[in-house]
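Chemist: Protein chains in written order, with the numbering used here: chain E, 1 to 419; chain R, 420 to 547.
Take every hint as true, because none was put in to throw you off.
Derived list of chain E stretches under chain R, where covered just means 3 residues or more per stretch with a C-beta under 8 Å from a C-beta of chain R:
#1 361-368
#2 389-400
One-sided excerpt, in silico: chain E residues whose CB lies under 7 Å from chain R:
#3 Glu324
#4 Glu326
#5 Ser327
#6 Met330
#7 Glu403
#8 Trp416
#9 Ser417
Source of the hints: derived by calculation from the structure; they are not laboratory data.
Beta carbons: idealized from backbone N, C-alpha and C, even for Gly.
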Amino acid sequence: MADGNGARGTADVRPNIQLPIYLDYQATTPLDPRVLDAMMPYFTTKFGNPHSRSHKFGWEAEEGVEEARGEVAKLIGADPREVIFTSGATESNNLAIKGVALFNKDRKNEIVTVVTEHKCVLDTCRHLEQEGFKVTYLPVGENGLIDLDQLRAAVTDKTALVSIMAVNNEIGVIQPIAEAAAIAHEKGALFHTDAAQAAGKIPLDVNAMGIDLMSISGHKLYGPKGVGALYVRRKPRVRLVAQMNGGGQERGMRSGTLAPPLCVGLGEACRIAREEMIKDNARIKALSEKFYETVKAKLPDVFLNGDKDRRYPGNLNLSFAYVEGESLIMGIKDLAVSSGSACTSASLEPSYVLRALGVEEELAHTSIRFGFGRFTTEAEIDYAADTIVNRVSKLREMSPLWEMVQDGIDLKSIQWSDH
Amino acid sequence: MAYSDKLVDHYENPRNVGSFAKGDEGVGTGLVGAPACGDVMKLQIKVSPEGLIEDAKFKTFGCGSAIASSSLVTEWVKGKSLDEAATIRNTDIAKHLALPPVKIHCSVLAEDAIKAAIADYKAKHEKA
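Make the full structure from the sequences, and use the hints.
Modeler: Here you go:
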């Protein structure tokens with residue numbers, strides 16, 4: 001295709017770039033090669049069942065798993081005995097929310113969460129509503145952040161659990177977790193945070209922040225897919241009803257034979273994240289700022305979705321007014337980006353997260369999430385910024401909305417037809 | 420989603436992008452869709468004194484299928500009479516571009532745009 005040839009032509013000038021460029025770090029992150037190295041022996045020679053107690057094969061697998069558990073704990077300031085392995089953040093969120101809700105159902109039947117949570121939290125809450133629980137979905141402000149007074153008003157002495165994500169997957173804003181946890185505790189509720197996008201990206205300390213349960217995903221922090229963790233506080237002890245019954249592994253909270261290669265991979269990913277977070281973040285912040293400034297300098301009417309300051313810089317969700325998001329993505333095939341979350345991008349609906357921020361539908365339709373991470377290079381950022389500027393300019397030349405706005409017409413004054 | 424070569428070609432090399440002066444006597448303008456729905460098409464036809472569409476231009480805010488659908492119809496209407504142009508059906512557009520089912524509405528919008536442009540031209544001339 002013509003596009004492919006053009007892309008190769010450009011790449012010749014910039015030999016360090018491989019196309020397409022991966023800019024979807026919120027969907028998943030590439031496995032750090034060091035993580036793969038740590039995992040390999042557990043696929044081959046150290047293949048034992050970590051729950052086998054009677055021979056070396058079991059012991060060495062168990063040792064690997066326990067070391068990994070220690071690394072996960074260290075990343076978040078926890079005790080290793082407070083970490084249980086799961087299949088990923090979806091399972092962790094299900095276990096945390098359903099587990100706590102069901103354990104407390106005779107005394108407390110309310111849950112408080114936020115409209116911009118990940119679908120796996122929202123869907124779990126919907127499920128519990130059908131089981132008779134009362135769920136309050138807190139709104140967010142234009143900046144994507146919750147209002148702590150609204151949270152305080154929503155939590156009652158019947159609230160069993162408050163669940164608020166740390167970093168939003170679509171727009172990257174960081175919720176005031178420590179403050180929210182304190183409010184939950186004032187009323188005797190437990191506090192859970194979905195930290196899938198936060199763990200390894202921003203500093204987290206379960207004790208300093210008052211977190212009772214925390215969900216972690218392996219593949220969002222350069223670890224393998226198919227593994228995650230749930231932090232469950234021991235002092236004071238958080239009790240929950242297991243959602244998977246069986247051999248009583250993971251302190252009875254999650255039965256099933258652990259997958260040592262995946263656990264070891266998650267542990268190694270957490271170790272690297274802990275040791276390199278400051279360095280990684282400084283790089284990612286510089287790249288993200290350069291990208292944003294370049295694009296903004298060359299294109300008018302570009303809007304950043306979500307709070308400007310309280311954000312993880314590796315997530316830049318931008319709306320390009322007067323062009324449509326899907327046609328933009330089609331035109332930037334060299335950039336692997338996403339409009340909204342991957343789970344919903346097959347639908348034509350604008351993102352529910354952006355709508356919750358009050359972003360006008362026109363702009364919600366034109367939003368693209370740029371995700372930068374550990375392996376993003378400056379050359380890639382430069383190329384991406386050029387690509388986006390060129391394509392948006394081209395699409396605006398073709399956009400009747402852009403033309404009207406340039407002619408001084410207020411788009412809101414037009415009687416648009418329905419279809 | 421895998422798009423057909425024809426669709427990608429119209430998206431990458433759109434035909435007849437641009438505008439005619441709206442007030443021009445021989446120009447009919449159709450503006451359909453809504454920004455909130457993610458699609459707006461502006462289709463303009465330039466009609467000769469003999470009643471033939473001698474030129475057409477479009478501008479579209481929308482997905483690749485919407486851009487391709489409008490680009491395609493600017494090619495199709497050229498040289499046709501108003502009555503002939505009015506017979507272009509969305510199903511023809513969808514078939515030609517092999518639109519996936521979720522994108523059929525783009526071809527519907529393109530058909531609406533032709534009709535709106537013709538109606539605008541006719542309205543102008545009834546008044547005159």
